[in-house]
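Same order as they appear, the protein sequences are chains A and B.
Residue numbering for the first sequence follows the working numbering, starting at 1 and increasing by one per position.
Residue numbering for the second sequence follows the working numbering, starting at 1001 and increasing by one per position.
Hints are not guaranteed to be accurate.
[Claimed, not checked] Residues from chain A that face chain B, not an exhaustive set, calculated with beta carbons under 10 Å: (1) G14; (2) P238; (3) S290; (4) N294; (5) G361.
If you are wondering where the hints come from, they were derived from the structure by calculation, not from laboratory data.
Glycine included, each C-beta is placed from N, C-alpha and C at the ideal position.
Given next are the chains, with one letter for each unit.
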Amino acid sequence: MMQEGNIVIKVCMGTGGIAAGGPGVVSAFREEVQAAGINAFVENNCSVHNVGCRGFCARDVLVDVIIDGEKTTYEYIKPDMVPRIVQEHILQGQAVGDWVVKEDYHTFHEKQVKVVLSDCGEVDPEDIGSYVNRGGYEALKTVLTTMTPEETIELIKASGLRGRGGAGFPTGLKWEFAGKAPGELKYLICNADEGDPGAFMDRSVIEGNPHSVIEGMIIGAYAIGTLKGYVYIRAEYPLAVERLKIALDQARQSCFLGKKIQDRDFEFDIKIKLGAGAFVCGEETALMASIEGNRGMPRAKPPFPAQKGLWGKPTVINNVETLANIAHIIRNGADWFTQFGTEKSKGTKVFALTGKVKNSGLIEVPLGIALREIVYDIGGGIEGDRKLKAVQTGGPSGGCITAGMMDIAVDYESLAPAVWL
Amino acid sequence: MHDTREKILKAYHENEGNVISLLQDIEESFGYLPEDAIYWFSEQLDIPPSRFYGIATFYAQFHLKPRGENIITACCGTACHVKGSERLINSLMRELHIPSGEDTSDDKKFTVEKVNCVGACSIAPVVIINREVHGKMTADRLMKEIRKIK
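Bound conformation, chain A alone (with noise of 0.2 Å):
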């Protein structure tokens, strides 16, 4: 039996994806494509896409198969698996039973809120129309056409938005010391130097949604004042870079970056930086340092960089994740952001689930949730029903949190004082 309307296949191309062999389940999927197009139908009306990373990373390759609107998630796909697929489910409307997800990859969503990873497995991260598609870029043209700088930065402020890098600093505050710092000339630098082993969230939101990572440090640029942007980013995630190198040349050609942006008397652009292997130059001077071109060493602070950075100039520094948070935040409303969290941390938080536990991936949070519920519910607990005995957090610069503590919120305020080195 022949399915009516529209067949899109998405395949996981994040690195994990493509370690797993996600290259080889898309051009399996396009040659069976190819072959069954005897039926046009198949061929007019079944489109391939790799999309970025959607977290299960453990459960690669994963594929989504959508059928007028109705999707099928298949796990642990390799290329071999590929033609009964296209046979059974896209030809007869069959789905194969057996390679479906089961249960537990709903419990690992369940419980997640997603803001920043929203759109990462479902947009083509090489392509700006499928950002565009979902909305992107509609906060930045409102921003231009309704706000002024001081408002948009007021509307950052009212969110309690804070900088996802770990220190927690109120990003409108930020933003409003550097706007308000004298001189012509300041800096926006996006801070992907993610050097904690056992972290890749920021990794994962460039590769899986870059133009989300763009459009905010361009509402960042409006609000501040500034032509000029960087993305500091490690050479070790070579994906990352070859992809935030396409959405910013697609973000040019469609008047987002350059001159006259939106043909508005506003003009802000945005270089690469690539990173040379130096932990260090996480730590924002080491990381002007090293921009600048030498050695990546930290200074003392103050002056800080929004009084004195890059080049001696006004700049602002923020985390990918921060970012990324931005056109949520306009599009939504700072209401709609402060309903997620608590008190003081707002918002949701992206974490990397890694180690003995049985679901491990890329995870997105509301911040105060009970690091039990973190390892538990969404984790799936221990590997092999193992009892746990403590949890690293932030990396071997972070600590660890024994197991008499996992009722703790996970928020700016609990972990600090419950977490020593």
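Once you have looked at the hints, place chain B on chain A.
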């Protein structure tokens, strides 16, 4: 060779005079930082070679010695370490006859290097063979991959 240097020099001037980007371009073109190239750029740009040396030895990405044709990078981040990256490296060194303290085989066919974290922790341990990421690596599978390119 000379053209390559001129091209790199031109990019340097277009790139706000960034020494790190310059070294990255040299490394990309030659596979390492050849001493005579450094002296040449030093003269052209009037930057003392010691400054290049200081930066080159600060960042892990730069190499002062030629490297092998095939680059095998083992991730030694926390997750990979826990899942046995050290054992993978030891078996690599044995298979490729790389003496201890060195990272490149005598015939210059292979270089084995460690990297801090490639951010693919959910598929640890990770080994990158000539830019291709391989996850959940075992010693057996690694040897098979190596013998394919040997």
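Taking 10 Å as the limit, does the beta-carbon of G14 (chain A) come near enough to a beta-carbon in chain B?
With Cβ-Cβ at 9 Å, under 10 Å, it holds.
Hey, does the G361 (chain A) contact hint survive, CB to chain B under 10 Å?
Holds, because the Cβ-Cβ distance from G361 (chain A) to chain B comes to roughly 5 Å (cut-off 10 Å).
Holds or violated: the hint that S290 (chain A) contacts chain B, with Cβ atoms closer than 10 Å.
Holds. Min distance 7 Å.
Verify the interface restraint on N294 (chain A): the C-beta must sit less than 10 Å from at least one C-beta of chain B.
holds, 7 Å
Under 10 Å, Cβ to Cβ, is where P238 (chain A) needs to be relative to chain B, so tell me if that hint holds or is violated.
Holds: closest Cβ of chain B sits about 7 Å from P238 (chain A), inside 10 Å.
In this structure, every one of the numbered hints holds.
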